[in-house]
Amino acid sequence: MTRTSEHSVGRTLKVCMAISVTIVVLLSSVALAGSEAADFKSETYKTVGDRELQIHIHYPPGWKASDTRAAIIFFFGGGWNSGTTGQFLVQAQYLAGRGLVAARADYRVKSRDGVRPDKCVEDARSAVRWMRRNCKRLGIDPKKLIASGGSAGGHLAACTMIAKSVEAEGDDLSISTIPQAMVLFNPVLNLTSERMIGRLDGDKKLAGKISPTLHLDKKTPPALILFGTEDGLKVFGDEYWAKAEALGVRADKYLADGQGHGFFNRSPWRERTLIAADKFLASLGLLKGGPTIKVPSVSEQARDQQTAQRSRGTGRNVMRYWLAMDKDGDEKIGEAEARGQIKANFKTIDSDSNGFIDRKELERLAARLLSGRGRRSGRGGHPDTSGWDNLFKADLSNAAKPEGVWTVSDGVLTASEDQAIWTTRDYDNFILDLEFKNAPGTNSGVVVYCTNTKGNEWIPNSVEIQIADDYAEQWAKAPKTWHCGAIFGHLAPTKSMVKKPGEWNRFTVRCVDKRIDVVLNGEKVVSMDMSLWTSAKTNPDGSEIPSWLNKPLSKHPTKGRIGLQGKHAGAPIWFRNVKIRELK
Numbered sequence: 000m001t002r003t004s005e006h007s008v009g010r011t012l013k014v015c016m017a018i019s020v021t022i023v024v025l026l027s028s029v030a031l032a033g034s035e036a037a038d039f040k041s042e043t044y045k046t047v048g049d050r051e052l053q054i055h056i057h058y059p060p061g062w063k064a065s066d067t068r069a070a071i072i073f074f075f076g077g078g079w080n081s082g083t084t085g086q087f088l089v090q091a092q093y094l095a096g097r098g099l100v101a102a103r104a105d106y107r108v109k110s111r112d113g114v115r116p117d118k119c120v121e122d123a124r125s126a127v128r129w130m131r132r133n134c135k136r137l138g139i140d141p142k143k144l145i146a147s148g149g150s151a152g153g154h155l156a157a158c159t160m161i162a163k164s165v166e167a168e169g170d171d172l173s174i175s176t177i178p179q180a181m182v183l184f185n186p187v188l189n190l191t192s193e194r195m196i197g198r199l200d201g202d203k204k205l206a207g208k209i210s211p212t213l214h215l216d217k218k219t220p221p222a223l224i225l226f227g228t229e230d231g232l233k234v235f236g237d238e239y240w241a242k243a244e245a246l247g248v249r250a251d252k253y254l255a256d257g258q259g260h261g262f263f264n265r266s267p268w269r270e271r272t273l274i275a276a277d278k279f280l281a282s283l284g285l286l287k288g289g290p291t292i293k294v295p296s297v298s299e300q301a302r303d304q305q306t307a308q309r310s311r312g313t314g315r316n317v318m319r320y321w322l323a324m325d326k327d328g329d330e331k332i333g334e335a336e337a338r339g340q341i342k343a344n345f346k347t348i349d350s351d352s353n354g355f356i357d358r359k360e361l362e363r364l365a366a367r368l369l370s371g372r373g374r375r376s377g378r379g380g381h382p383d384t385s386g387w388d389n390l391f392k393a394d395l396s397n398a399a400k401p402e403g404v405w406t407v408s409d410g411v412l413t414a415s416e417d418q419a420i421w422t423t424r425d426y427d428n429f430i431l432d433l434e435f436k437n438a439p440g441t442n443s444g445v446v447v448y449c450t451n452t453k454g455n456e457w458i459p460n461s462v463e464i465q466i467a468d469d470y471a472e473q474w475a476k477a478p479k480t481w482h483c484g485a486i487f488g489h490l491a492p493t494k495s496m497v498k499k500p501g502e503w504n505r506f507t508v509r510c511v512d513k514r515i516d517v518v519l520n521g522e523k524v525v526s527m528d529m530s531l532w533t534s535a536k537t538n539p540d541g542s543e544i545p546s547w548l549n550k551p552l553s554k555h556p557t558k559g560r561i562g563l564q565g566k567h568a569g570a571p572i573w574f575r576n577v578k579i580r581e582l583k
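Sequential numbering of the sequence shown, starting at 0, is according to numbering that gives the first Met the number 0.
Quick caveat, the hints were computed from the structure, so don't treat them as lab data.
Where a beta carbon is used, it is the ideal one built from N, C-alpha and C, also for glycine.
A hint or two may mislead.
To be verified - The calculated lysine-lysine pairs, modelled on DSS-like cross-linking and capped at a C-alpha distance of 30 Å, are:
| id | residue 1 | residue 2 |
| --- | --- | --- |
| 1 | Lys436 | Lys499 |
| 2 | Lys163 | Lys208 |
| 3 | Lys392 | Lys513 |
| 4 | Lys498 | Lys479 |
| 5 | Lys479 | Lys436 |
Said to hold, decoys possible - Cβ-Cβ distance ranges computed for the label pairs, FRET-style:
| id | residue 1 | residue 2 | range |
| --- | --- | --- | --- |
| 6 | Leu395 | Gly501 | 16 to 26 Å |
| 7 | Ser110 | Gly288 | 38 to 48 Å |
| 8 | Gly113 | Asn549 | 42 to 52 Å |
| 9 | Thr423 | Ser110 | 48 to 58 Å |
| 10 | Thr228 | Asp200 | 30 to 40 Å |
I would like the entire structure built from these sequences, with the hints used as guidance.
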């Protein structure tokens with residue numbers, strides 16, 4: 000390769016980076032254990048004018064046209080205004096790996112086709128009829144069909160259970176659209192509300208025809224409905240669940256604590272909701288065996304977020320750029336669709352020369368780029384603090400502290416009681432470096448982002464990096480999120496690095512917005528993205544958060560006082576060389 004072409008590809012890699020990394024994170028973070036789902040095939044299920052509506056079908060391993068498998072059809076979200084079939088790619092791949100024929104259907108939307116929600120519903124019903132009409136060559140049992148979707152797509156999926164609704168001209172109405180089950184991700188279920196009827200220009204009669212809750216009866220198929228507790232659309236789920244319960248209709252409830260709209264699109268909720276859907280479908284006999292997917296560990300989630308963050312620059316804009324190019328939603332770009340640097344370097348990126356840039360080619364680009372970046376990330380070690388500011392003056396004149404508790408002798412800071420010492424001003428982005436020495440049984444901490452230092456109010460209003468004598472029996476047996484180096488109650492250290500009582504340890508705590516990294520004695524033991532901690536009750540890995548830490552870290556401010564905990568649990572603690580460097 001010539002130097003000029005290397006530079007050209009390098010520029011292309013930078014342009015493509017956010018695209019490819021986003022796809023890599025999306026796909027690789029889902030553990031498709033035991034799944035060998037083949038690539039999908041696309042067909043046109045309906046033509047409206049010159050608009051061909053595609054359906055992308057994922058066939059399971061060992062599939063034959065003579066099979067009679069259960070099938071699921073997904074409809075993407077986007078407020079009936081936008082969106083692409085790529086939204087449920089991961090879910091379709093997983094469930095195909097579990098034995099279903101999984102389909103993702105395109106439909107008309109307002110931004111591309113100038114239509115209202117009723118036309119979206121017509122298309123969804125047409126897609127279901129297409130699957131049943133072609134059941135023999137698709138290898139599916141028409142009496143084992145599952146409808147699924149998210150948000151507006153959840154609404155479309157739910158509308159398939161309505162016996163008489165809006166219908167597309169030319170549809171074969173002898174073919175039922177009613178599915179055998181529904182998996183609905185934060186769906187809109189009633190368009191007659193003031194909040195939604197404007198989408199139909201106030202047409203109440205039409206809204207009634209496409210409001211699933213209004214059509215609930217004792218014959219309605221079983222549903223799994225998934226909402227975040229903070230989702231404003233959850234009121235639709237509450238209404239549906241109440242009516243279903245009164246009718247004796249199965250409507251399983253899945254609530255994601257602290258989550259908002261669209262929570263199922265990202266880890267770990269993508270995996271958790273897939274597990275819930277898997278179990279629900281198995282309970283109906285539509286799947287066999289147990290889920291083959293696992294929820295990623297906190298460290299894996301953090302790694303994936305870091306990978307995505309490394310691509311940020313033009314990240315979200317470039318992703319929109321990619322989606323804009325992929326007009327037919329088939330997750331590949333033809334040369335005619337490509338624009339800008341991707342078009343200019345199309346033949347270089349199209350490594351198999353098949354005329355398309357597909358997901359695998361983007362993954363390879365990302366792998367090449369990230370392999371170089373990965374070598375520069377994840378290092379431990381402590382900084383050279385020469386020239387850094389002391390957090391506290393030698394006479395503690397710039398500290399907020401209880402009278403007579405904290406003292407300094409020969410540069411060593413200690414407390415005689417269980418009371419903290421605080422900075423007198425707030426800090427946001429910074430690196431804090433210090434040394435500490437434990438006594439037998441020490442339990443203390445470094446406190447950051449504290450918004451209330453009165454009494455014990457700092458405890459639920461801050462983030463504490465734990466200091467503890469892990470050699471003491473009471474702390475060794477405590478939860479791992481209480482061990483030295485942990486983000487107390489939230490994230491355990493990757494390994495125990497604290498020294499025995501009487502020896503000096505070194506801490507480096509780096510706080511940048513919602514990212515907190517902790518290095519203890521030369522080893523990075525914690526890397527936290529606070530935005531993952533959306534619940535005040537459970538951590539992302541499902542472990543319980545102590546009840547006194549009653550606020551989710553995702554909502555906690557990233558600016559506040561810095562403090563050191565005093566003589567807690569009856570054992571002393573000593574600090575020295577407490578230095579800080581503010582980051583601009």
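A quick look at each hint next to the structure:
| no. | hint | result |
| --- | --- | --- |
| 1 | Lys436 with Lys499 | holds, 9 Å |
| 2 | Lys163 with Lys208 | holds, 8 Å |
| 3 | Lys392 with Lys513 | holds, 28 Å |
| 4 | Lys498 with Lys479 | holds, 17 Å |
| 5 | Lys479 with Lys436 | holds, 20 Å |
| 6 | Leu395 with Gly501: 16 to 26 Å | holds, 25 Å |
| 7 | Ser110 with Gly288: 38 to 48 Å | holds, 41 Å |
| 8 | Gly113 with Asn549: 42 to 52 Å | holds, 48 Å |
| 9 | Thr423 with Ser110: 48 to 58 Å | holds, 52 Å |
| 10 | Thr228 with Asp200: 30 to 40 Å | holds, 32 Å |
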